[in-house]
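Work the whole structure out from these sequences, hints included.
Protein chains: 2
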Amino acid sequence: MKDMQISHETRMANAIRALAMDAVEKAKSGHPGMPMGMADVATVLFNRFVLVDPSAPKWPDRDRFVLSAGHGSMLLYAIHHLLGYADMDMDQIRAFRQLGARTAGHPEYGHADGIEVTTGPLGQGIATAVGMALAERMKAARYGDALVDHFTYVIAGDGCLMEGISHEAIDMAGHLGLGRLIVLWDDNRITIDGDTELSTSTDQMARFAASGWHVQACDGHAPDQIAAAIESARHDPRPSMIACRTVIGFGAPNKQGGHDVHGAPLGAEEIAAARAFLGWDHPPFEIPADIYDAWHAIAARGAAARAAWETRLAASAARDAFLMAEAGDTSALPAAITAWKAKLSADKPKVATRKASEMALEVVNGALPFSVGGSADLTGSNLTRSKGMVSVKPGAFGGDYIHYGIREHGMAAAMNGIALHGGLRPYGGTFMAFADYCRPAIRLSALMGVPVTYVMTHDSIGLGEDGPTHQPVEHLASLRAIPNLTVIRPADAVETAEAWEVAMTSTATPTLLVLSRQNLPTVRPEHTDENLTARGAYLLRDPENRQVTLIATGSEVELALKAADLLAEEGIVAAVVSAPSFERFAAQPRDHVAKVLGTAPRVGCEAALRQGWDLFLGPTDGFVGMTGFGASAPAPALYHHFNITAEAIVAEAKNRI
Amino acid sequence: MKDMQISHETRMANAIRALAMDAVEKAKSGHPGMPMGMADVATVLFNRFVLVDPSAPKWPDRDRFVLSAGHGSMLLYAIHHLLGYADMDMDQIRAFRQLGARTAGHPEYGHADGIEVTTGPLGQGIATAVGMALAERMKAARYGDALVDHFTYVIAGDGCLMEGISHEAIDMAGHLGLGRLIVLWDDNRITIDGDTELSTSTDQMARFAASGWHVQACDGHAPDQIAAAIESARHDPRPSMIACRTVIGFGAPNKQGGHDVHGAPLGAEEIAAARAFLGWDHPPFEIPADIYDAWHAIAARGAAARAAWETRLAASAARDAFLMAEAGDTSALPAAITAWKAKLSADKPKVATRKASEMALEVVNGALPFSVGGSADLTGSNLTRSKGMVSVKPGAFGGDYIHYGIREHGMAAAMNGIALHGGLRPYGGTFMAFADYCRPAIRLSALMGVPVTYVMTHDSIGLGEDGPTHQPVEHLASLRAIPNLTVIRPADAVETAEAWEVAMTSTATPTLLVLSRQNLPTVRPEHTDENLTARGAYLLRDPENRQVTLIATGSEVELALKAADLLAEEGIVAAVVSAPSFERFAAQPRDHVAKVLGTAPRVGCEAALRQGWDLFLGPTDGFVGMTGFGASAPAPALYHHFNITAEAIVAEAKNRI
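Chains as they are written, first to last, in this note's numbering: chain A, 1 to 657; chain B, 658 to 1314.
Calculated from the structure, these hints are not laboratory results. Please note: incorrect hints may appear among the correct ones.
[What the hints assert, rightly or not] Think about it this way: if two alpha-carbon atoms lie no more than 30 Å apart in a straight line, the pair counts; the simulated BS3-like pairs of lysine-lysine are:
{"no.": "1", "chain 1": "A", "residue 1": "26", "chain 2": "B", "residue 2": "1007"}
{"no.": "2", "chain 1": "A", "residue 1": "26", "chain 2": "B", "residue 2": "1012"}
{"no.": "3", "chain 1": "A", "residue 1": "348", "chain 2": "A", "residue 2": "393"}
{"no.": "4", "chain 1": "A", "residue 1": "595", "chain 2": "A", "residue 2": "654"}
As the structure is a computational prediction, the values presented were derived from the model and not from experiment.
This is how it looks when you write it as structure tokens:
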């Protein structure tokens, strides 16, 4: 390259390469291969197409750029630095991968402006982007193209496309015809173990085409080819995949094209050789003014587009509705839930909590015009669809209910994308046992702090005959283990309504609702305006001089109450605690905790494993629950077989007094 | 159908339909749609092709039949009953989905002969079958086609093909060219929510073809078309997918073809109509003798094939090696590990436990000719490949190392399939944070009780700069929550060697090894012949009159030892416990537990969340660990930042004394 005439656009790309190799070298850790290989593609994309405004990084109608191959984070940080994001100065680039820096090893949502999503776990980016592109079309249908009309661009690597979640994402996007989604595949034919031919032979272009995508290929180091492909992709009504044939680590003359360049510093010698090869004679962490100017011109184009959009917004009849949704205004919900609880407390229905959830959703969806429901093909089982909801369909995005298909992982990631896009509030259902299928995306909801709501029904052996594959026993423990995830297992219709209020008013924490298949009586004795579920655990029965405290969740609260009755017959005074959310309880003030737990011996009951119950139980307390996998039989037979009964609670209680 | 001449083969299929609809009706629960829709395909498959011997259900060279769409379990049970499996008499069919019956809601491995794999969680069957088909070719390469030469047949539904894991499986099978894998897709165009066009538009045949499969379509109710397609599939060198166009619930005249027939009893009226439609005038749970005869003839054909195989086995030079591998004889391993430990105890290396694992694998793979390694594209990071291992490649199956690609879920399911096939003992690696990606398959390893070994490296914030997406904090808790899974987090090279012995000698429990990226000193003070890791937890330092017990795992044992030294400087006597496996410790006799735990106050230390530590710690004991997600920085900076240090342990200890 040294002897060639180097175009200005290529020098813009070389700035990315230089920052990437120098930052990785300084950190002695990181991935130079991808940023150097995809620098030309990314530069053309931003230079000629992307509309973002670094001075207004949350501008709702900005193009979304998702670096699905998150290990190439220096590509993103370099671009943000060059564009002039205020929080991405050169000190941040120098501090790549250091404690407290915004420039984490993989892009972390919330750490710096312009990072649209946390990526790193492969395949999550492309699947999240599907949610963003879907949200874009849904909001365009609601508010008009004048307010919502942008593209979602993704850079994905071989890893992203080998992960199973990519299939769910690709199938969903192709089915829905998300034409503003453009995936730039870094076709470098290298994986960590070696050449891609070690482990895959899939014709990716044929694969995408099979799912209804527009596919093209280009030389990923030929700017005009890249631009022509992107231009064509933007005009095709289908989602587009562009196979960008690249050389990994392009610019490092002795290492490029090999798998060693993927994830380790190049070393001083190779960096010097790269500088010579690229004709880049600037010291580390120095960028010439004309290159900054060129990148800042991209930002200026975005700022102009944003200003035009602001004008359109001010003139739009949809302005107030749009802004209310963008702000996520849930102020109408609490009063509606309180009124609904009052009715429930009077009616005392005996319904499954999944049914109670459906009933609560009438209130929730009535109060929140921006809620968006869905299910992974279990609508009639999860009961996630309230009356009047309209299905989102290809070419008809005005609805508010999404058929995610048999794709739990794709659903969860898409919900992250919808929530991240802003202005829509997604919830989606599946069987709780299949929380495992979407766990990596649930973890990202929690890590990013996006308030997605997971509706997990069929929550224990109580689902009965489908047997141990479908019966969660360890899932409550494993989900409660995820930091910043609120798990709520309501005991009745009242707690279910309260749980929905907690979920839909949360701002930075996802919520996972754990709901029964089987009917449960109303256990809340009388109406309270206060949301007691939000306290995590509270006294359902609070007798004086309690001799034992029975603590249960969900479907087992009924058993604890019955056990208390049986104990009363024997003259033993038992308090009963309903504990729908361990995380909420752990965050309560000490006086509430002390009042609830008391000082008497305790017995916990939950049709699940004991792990996690040390929040409530010490080594001398009792527990009635599961000790292993479930079985296939009608639910009552299973409760009897596994000895999860009021009588078992009574026996444990008497042993402890 | 009533007025048509009903062929004998169709009557054989109608026997399946009758048993399925009657058993579901009696259970008042279950899925009649799939068994009735696929009865013709399954009948043709068994009648004309499958070689199994119900009198020797574990015959190693039997054809494998995997019902990936496990909700159609009555198809499998009906077939096994009709073939004459001794443990599948009509009482079992009548007891479908009842407590203690072998006929669980979904097929459960080990519950009855002939059930090759637990299915139900969609997509697992097809992905497990890829492992079976791969094992078949690997064993054929080792022992010759005379001993190993069979097909693996799969029935998969739309759900299986929508799940992401199917992509990983299909890509892997196509890449490896597993020509004896034949997938019969139940192309009924119905999902639970309605028509498949609600949620998918993928051209499945084009999709499979893009991954190198042979694809065909047939009318799933036309026996000769079905047979011709299977015949062609058997002769094509590529894996084959046959799209079988079927009517879900075929035979129920008023309900067939709709989504209501998928998962609910038909009802007495519709069953009567179906009997008339099918010309099946036999009472429930009665099969005419000529139909039994026809199915028994299939079994007789299989028995003859088995007898011929026994003759070949007796004459084979590979007989002894084959039988030793089939028996999974690991008797050579313990002595080899003990000798290796003696050397380690002398050398006291300071190495990462992932490196110690690589060293131990030299011993393991040297002692066990049937071990099979692999990694999800992280060979150089997981260090799963010992010297001399040979890569398995398309057309070259003689190796013992599998490049699973960036497919954690596919790898785990394939390992289940390899283990279930018998005669090979698989282990495979990925980063521990990505245990979440393969969790559904890990759960099935545990539920089925197959001794797969998961090698999970980069086990905590100790991995450093890659940041919170890659740092497990909740994973130890969530994996320990899975019943019948042994999680081992060794502290040094000695414990790592012991962990491998535990893993590779386990017969009915999978093992998950949790290994560090960073170097760790040898903490075991002297050699013991006994495998102390197998005790779960043991005393590294056992002073008289201990005032505090410090308990740690993995990389934090070093910190506990240092803390004990610091405490000793202050005249405080501390015992130190290394606790590599909570599950193993929980299974120890009381005297061991009492000796290890002692009566002094305790402090636990693990660079992870506290959940699960109630095995060791009461509410008044201390814990030094994580309380939320990690961060991106060099590992030493992170340990300091999160206050996981010897000094923190000392402070906790002093607070408790």
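Results for each hint:
1. A/26 <-> B/1007: holds, 27 Å
2. A/26 <-> B/1012: OK: residue 26 of chain A and residue 1012 of chain B at ~26 Å, within 30 Å.
3. A/348 <-> A/393: Distance ~38 Å between residue 348 of chain A and residue 393 of chain A Cα, so the pair is violated.
4. A/595 <-> A/654: holds, 22 Å
Figure legend: structure checked against the earlier numbered hints; the only hint not met is number 3.
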